Structures are given as structure tokens and as C-alpha cells.
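Engineer: Sequence:
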Amino acid sequence: MIREPDDLLRDDDELCAEDEPCAEDELCAEEPEQDDEVFVDDELLHDPDTADGNDVHRRRSALTLGLAVGVVFLILLGKLWWLQILPQPERWERVRANTQRVVGDQMEHYAAELPGRARIVDRHGVVLAESWYSHDLVLNAKDLVRPRDEDELEFGARFAASVVLAALGDAGVAHRVADVRRAVYEGVLHRDKWIRVVRDLDPRQRRRVGDFLSRACRHGADPNRKARLWSSGIRFDARLERTYPQGAATAQVVGMVGETTRDAPERVAGRSGIELLADRVLTGRPGVLRTERDSAGTGLMPRWFVQRPVRTGADVVLTIDARIQGICVDALAKSTPEHRAKSGSAIVLDARSGDVLAAASWPTVDPEALRSGHGSAKALRLPALVDRYEPGSIIKPVIVAWGLQEKAISLQETWDCGGNQGYRMFGRRRVREFHTNLEPLSTERVLIRSSNIGSVRIGWGRLGIDRLWGAFAAWGLAGRISVAYPGVPRASYFTRAHMSRPGYDRLNTGISFCQGYALVLTPLGMARMYLPFANGGEISEPTLLREIRNGLDTTEPTRRRRVIRPDVAHDVLRVLQRVVEEGTGRALKDLPWTVAAKTGTPEITKDRALHNPVIAAIAPVTAPEIVVVVVHHEVRKRSGRPYTGGKVSGPVAKEIIAKTLEYLRVEHDR
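Using my numbering, read the sequence shown as starting at 39 and increasing by one per residue.
Please note that a few of the clues may not be correct.
[Unchecked claim] In the BS3-like style, the derived pairs of lysine-lysine whose C-alpha atoms are separated by at most 30 Å in a straight line are: (1) Lys644 with Lys380; (2) Lys644 with Lys675; (3) Lys416 with Lys231; (4) Lys627 with Lys372; (5) Lys180 with Lys380; (6) Lys685 with Lys675; (7) Lys685 with Lys416; (8) Lys372 with Lys416; (9) Lys675 with Lys627; (10) Lys675 with Lys416; (11) Lys644 with Lys685; (12) Lys416 with Lys697; (13) Lys416 with Lys380; (14) Lys231 with Lys697; (15) Lys697 with Lys685; (16) Lys180 with Lys231; (17) Lys180 with Lys372; (18) Lys627 with Lys685; (19) Lys380 with Lys685; (20) Lys697 with Lys627; (21) Lys180 with Lys644; (22) Lys380 with Lys675.
For the record, the hints were derived by calculation from the structure and aren't laboratory data.
All of these numbers come straight from a predicted model, not from anything done at the bench.
Turn these sequences into a full structure, and let the hints guide you.
Structural biologist: Below you can see the structure in the form of C-alpha cells.
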């Protein structure tokens with residue numbers, strides 16, 4: 039039976055009245071409530087209505103709890119999906135190369151597996167650039183030795199130093215015993231975060247040292263069992279080493295790499311040349327490895343798992359022939375200082391395909407010397423491909439060929455070239471001859487003697503400036519040559535649009551065209567200009583990139599297009615051969631191969647005492663194999679010193695032609 043509330047209150051009042059002196063009624067009324075006893079009849083526990091209510095309440099509580107757990111589980115599942123499954127490019131950017139790199143006080147859970155940077159090779163597979171990884175042995179003293187007291191720390195430091203020394207000795211690593219012992223011993227005693235023990239281990243040494251230390255961590259302990267090593271305290275920092283076996287000879291073409299960031303020396307990117315142009319192809323795509331670690335950095339997985347496979351870079355094959363490139367560099371290395379030129383450049387093209395066999399300039403620099411702080415990075419520029427010059431008299435065969443193509447002139451036609459005065463007025467413009475021509479010259483002799491007046495009479499007087507523009511357009515002298523090299527500039531000349539501007543007129547422009555001024559070309563563009571004479575009137579675009587060896591990208595041979603008729607090309611080529619036999623190209627005369635050439639000595643407008651002596655040559659004439667152009671930049675005219683194209687650039691071209699044709703085993707044709 040349940041006691042009624044009134045009875046309980048009444049009993050309390052009586053108790054309060056009996057227990058005098060209780061002064062405050064409220065206090066007396068509150069105290070009995072703390073000791074109240076509630077008596078519940080057992081029959082109430084078996085009441086059906088009450089039992090059903092309790093069951094409903096319990097079911098609701100369980101359902102609520104289950105929903106809460108389910109929501110938390112779904113949130114965790116979504117987070118795992120976002121971290122592990124969805125692509126996270128911004129996370130990959132933060133990945134480092136070493137699989138156990140520490141960032142701050144936390145170990146990364148992702149690591150990059152960097153592909154080795156691919157090679158650059160010449161047309162015959164000669165290596166121009168290749169890579170390998172060097173490694174630094176680094177120890178984390180806190181993880182390497184885990185002592186329980188100071189005595190064990192002392193033992194651990196000595197034991198770690200002895201094990202590391204034994205590992206280095208086993209791998210044949212050159213080191214100073216005292217320095218290594220001190221670095222490891224003191225680092226462990228001071229609990230240094232990282233101790234860089236040795237640098238520049240090659241892959242074989244890294245493997246031997248790593249295997250030795252791994253065995254020591256698994257099985258090794260000091261004889262007193264007071265110390266052991268833990269593998270989590272050992273890491274190897276990788277650093278990419280890029281080598282250039284051909285040195286200075288190909289440095290300007292191949293270029294160099296540099297570190298992307300100071301805190302990631304294992305990552306490099308191209309800074310110049312082909313290294314810059316083909317950087318993405320050579321680099322490939324890093325793979326991503328995944329592991330799990332707790333907050334202390336302890337691995338929760340037995341090994342790393344591949345999150346994204348590595349994609350290796352592709353070898354880049356150039357059209358360059360390393361041997362011919364070296365021939366050009368050696369020749370320029372002698373002539374450029376001899377003539378006190380600011381720079382010298384040489385181009386060698388395959389006469390049939392347009393392949394760039396050599397693109398050399400002097401001065402150049404050895405990448406290894408530049409890396410060690412010697413030399414200037416400016417020497418990595420390649421003027422042969424990126425600097426522009428006025429071609430001077432080597433433009434004259436183009437003008438004569440276009441006159442023959444248009445049937446406006448003939449080779450036997452004669453031209454008054456100034457007589458004993460040595461000059462001729464064209465309007466208000468005076469044109470001078472380099473050599474006085476007392477008698478009229480035939481068109482052939484205009485080229486052989488490199489007559490300025492004869493060239494102007496043919497180009498300006500007979501063809502006119504409109505047809506000169508047509509000739510330049512047919513040769514494609516304007517615009518950028520689509521050769522695979524960074525920074526190749528556009529060739530240009532004064533066009534019709536310039537004629538409407540103040541300071542430009544058709545007379546001065548036409549006369550300048552005929553002498554090789556008012557237009558600028560790179561040395562590569564000059565060599566390209568002579569391809570139609572070597573190919574029966576057809577021109578092909580020069581190529582520097584031959585192949586990308588990834589199974590996907592290949593370079594197709596450039597298509598030839600016709601510029602002039604075959605008979606015109608043949609006639610001009612024969613006249614250029616006479617330039618070597620009788621004219622300004624006599625420096626090439628004594629070779630055992632027939633050679634066709636044209637020389638030029640353009641003045642530099644800002645200082646007329648400075649010249650850019652140039653020669654363009656084709657050899658052998660009977661079956662052209664190569665086209666060679668040599669330019670020396672800023673040769674000063676001095677008393678008794680040579681400065682013309684035939685005397686400055688001619689001997690260099692002769693050396694290049696002789697050694698190149700001998701190397702290519704081309705039969706003598708004379």
C-alpha cells in the first residue's frame with residue numbers, strides 16, 4: 039500500500055511539534071523530505087499500462103542513439119571518401135619526395151615517388167643530358183634511440199655512432215671517422231631532431247647503407263642489451279643530379295635545370311634551352327604513395343601503398359649531331375677571340391631534310407663550371423638561334439634567283455656598275471662599290487664580285503620593290519621559324535605598311551633590300567634561305583626536335599614547298615660555285631669537295647666601323663649534303679686587320695665543312 043501524502047505531512051507536523059526547540063518552520067519542513075521513504079506496492083510493477091510506457095520510452099531512446107551513431111558514421115565515411123578516393127591535386131602539390139619527410143612536428147601521410155628526369159640525346163643516341171639521384175643520410179635522434187634513462191642514452195649514442203660508421207665502411211663511402219662519430223654521438227645526446235651525417239651518396243651506396251642499417255635495427259643491439267636502434271629514425275634525402283656529358287659544346291642547345299624551391303632540392307625544372315622547352319615531357323608525373331601514421335609518427339601500415347602510379351618522363355631526341363656540334367664550337371673558340379668579335383655563331387643544316395646538325399655560338403660555358411660558380415649564365419644564350427642580324431650581301435643570290443624566276447633578267451645580261459667612279463646615284467641615294475668595276479658586269483659577275491650597284495640595278499631597277507616583297511614572301515623570310523627552341527625571334531623586313539609612316543619611302547627601302555639591309559634574320563634563318571639552292575628550288579623548315587620517345591609523340595618530316603624552278607636553283611648554285619673559285623669565297627677553294635658560297639660584310643648602323651662578317655656555303659655542289667652559315671658579331675675594322683666575310687668567317691666555314699664531310703664520309707668530288 040502507498041501511503042497518502044496527507045498522512046505523511048501530518049506525521050511530519052507532529053514530529054516537528056514534538057522536537058522543540060525548532061525555531062524555523064521552513065527548515066523543519068525541508069529536513070524530513072531528505073529522509074522520506076517511498077513504499078511502492080509490488081502490484082504496480084506488473085501494471086500493463088505502466089510497463090508498455092516504459093518499453094516505448096526505451097525503444098525511442100535506442101532509436102535516437104542509433105540514429106546519432108549512424109550520422110557520425112556517415113560523416114566519417116564521407117570524410118574518408120573525400121581524403122582517399124576523390125582527386126586532391128592541391129594535396130599532391132604539398133607532397134615531398136622523401137617518403138618519410140617531416141614537416142614541422144608532423145609526419146605526412148602522403149609522399150611523392152618522383153620519376154627520374156629523362157635523358158636528352160642527339161640523333162645517334164649520344165647522351166647530352168642525364169640524371170641520377172644522390173642521397174644524404176639523415177638521422178632523427180629522438181626516434182633512432184629511445185632510452186629509459188641517462189645511462190641508456192649514453193650507451194645508445196655510442197652504439198649509434200659505431201653502427202653508422204660500420205655502415206659507411208661497408209658501403210665504401212668516403213668519410214672522416216672523427217667527424218661522423220662526433221656528429222652522431224653529440225646529436226643523440228642532445229636529442230637533435232635531424233642529424234645530416236653524410237652527403238651525396240650514389241644509388242649503390244645508398245642501398246648498401248640502408249640495408250646495413252635496416253639489419254642493425256632488426257637484429258642489432260649493443261652487447262649489454264642497453265641500447266638498440268629504431269628504423270623510424272633513419273631517412274635518406276634524395277637530390278636530383280643532372281649531368282651534361284658533352285659539356286660546353288652542347289650547353290646552349292640543351293640548356294640547364296635549376297631547383298624549384300630551396301626546401302625541395304630533389305625537384306628541378308628546366309631553366310633554358312631544351313630543358314626548358316621540354317620540361318613537362320622530361321619530368322613525367324610523380325606517383326603518390328600512401329601510408330597511415332599516428333600523431334607520434336608511428337607507422338600503422340607495414341609499408342607504403344601506391345595511390346597513383348608514377349609516370350616516367352620521355353627521352354627527347356634532337357637532330358643535333360654531337361660530333362658536328364663540337365667541330366663548330368672548336369672552330370669558333372679560335373676565331374672569335376682572334377678577331378675580337380663580340381660573339382661568333384655557326385649553323386649546319388642537313389641539305390635534304392633541313393635538320394639542324396649543329397647550332398653553336400661562342401662564348402659558351404660548361405654547365406658544371408656554372409654550377410660551381412664559374413662563368414656567367416649569359417653564356418647559355420644561343421645567338422645562332424635567338425639573335426638577329428642584317429644579312430648583307432648574302433641576300434644577293436635571292437634577288438638574282440627571283441629575277442630569273444620572273445624572267446625579268448638573264449645570267450648573260452650586263453650591267454653598268456659605276457665604272458671608274460665606284461658609285462652610282464639612285465635618286466638622292468648614293469650606292470658605292472666595294473671593288474671598282476671598270477667594265478659592265480654580267481649577272482653572273484654581279485654575284486661573283488658582289489657588286490652593290492649591280493644588285494640594286496637588278497632588284498630596284500628591274501624587279502621593283504613590289505616584286506622584291508614577293509621574293510621575300512616566297513622564301514618566307516618574315517615570321518618566326520617554327521624550330522623547337524625557346525625564344526626564337528621573328529624575322530622581319532620593311533613591308534608595305536611601313537611605307538605610310540613618316541621616315542620610310544620605297545626608294546630607300548628598295549635600295550637597302552638589294553644590299554641586305556632593312557631586314558633581319560637569325561643565323562638559322564640565313565641558312566634556311568639557302569636551302570632552295572641545295573634542293574632544286576624546294577625549301578623545308580629546319581627541325582631541331584627529332585623524336586619524343588614515349589610511344590605517343592613523334593615528329594613528322596617537314597614538307598618541302600617549291601620556291602623557284604629547278605633550273606633557276608641549278609643556275610644560281612653554279613654561279614655560287616664560281617664565287618668560291620673566282621670571287622670573294624676563295625677561302626673555301628682548296629677543299630677536296632666542290633663548294634658554293636656567298637660572303638657578306640654588313641655594317642652595323644650604330645657604328646659603321648663595326649661589321650658582322652658572314653658566309654653561307656653549300657657542299658658538295660654535285661650532291662649537296664650540308665648548308666653552313668658562319669657569322670661573327672661586331673668585328674671592328676682596323677688597319678691591317680681582316681674584317682670581311684670572306685677573310686673572317688670564310689676560314690671557319692672551311693674548317694667546319696672539311697671536318698664535317700670527312701666525319702660523314704662523303705666522297706671527294708674534285
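Engineer: Would you mind marking each hint as holding or not holding in the structure?
Structural biologist: We went through each hint and held it up to the structure:
1. Lys644 with Lys380: holds, 15 Å
2. Lys644 with Lys675: holds, 14 Å
3. Lys416 with Lys231: violated, 41 Å
4. Lys627 with Lys372: holds, 21 Å
5. Lys180 with Lys380: violated, 59 Å
6. Lys685 with Lys675: holds, 12 Å
7. Lys685 with Lys416: holds, 28 Å
8. Lys372 with Lys416: holds, 20 Å
9. Lys675 with Lys627: holds, 25 Å
10. Lys675 with Lys416: Within the cut-off at roughly 26 Å; holds.
11. Lys644 with Lys685: holds, 23 Å
12. Lys416 with Lys697: holds, 29 Å
13. Lys416 with Lys380: Distance ~13 Å between Lys416 and Lys380 Cα, so the pair holds.
14. Lys231 with Lys697: violated, 60 Å
15. Lys697 with Lys685: holds, 19 Å
16. Lys180 with Lys231: holds, 6 Å
17. Lys180 with Lys372: violated, 60 Å
18. Lys627 with Lys685: Given that 30 Å is the threshold and the Cα spacing comes to 13 Å, the pair holds.
19. Lys380 with Lys685: holds, 17 Å
20. Lys697 with Lys627: With a Cα-Cα distance of about 15 Å, the restraint between Lys697 and Lys627 holds, given a limit of 30 Å.
21. Lys180 with Lys644: With a Cα-Cα distance of about 69 Å, the restraint between Lys180 and Lys644 is violated, given a limit of 30 Å.
22. Lys380 with Lys675: Judged against 30 Å, a Cα distance of about 13 Å means the pair holds.
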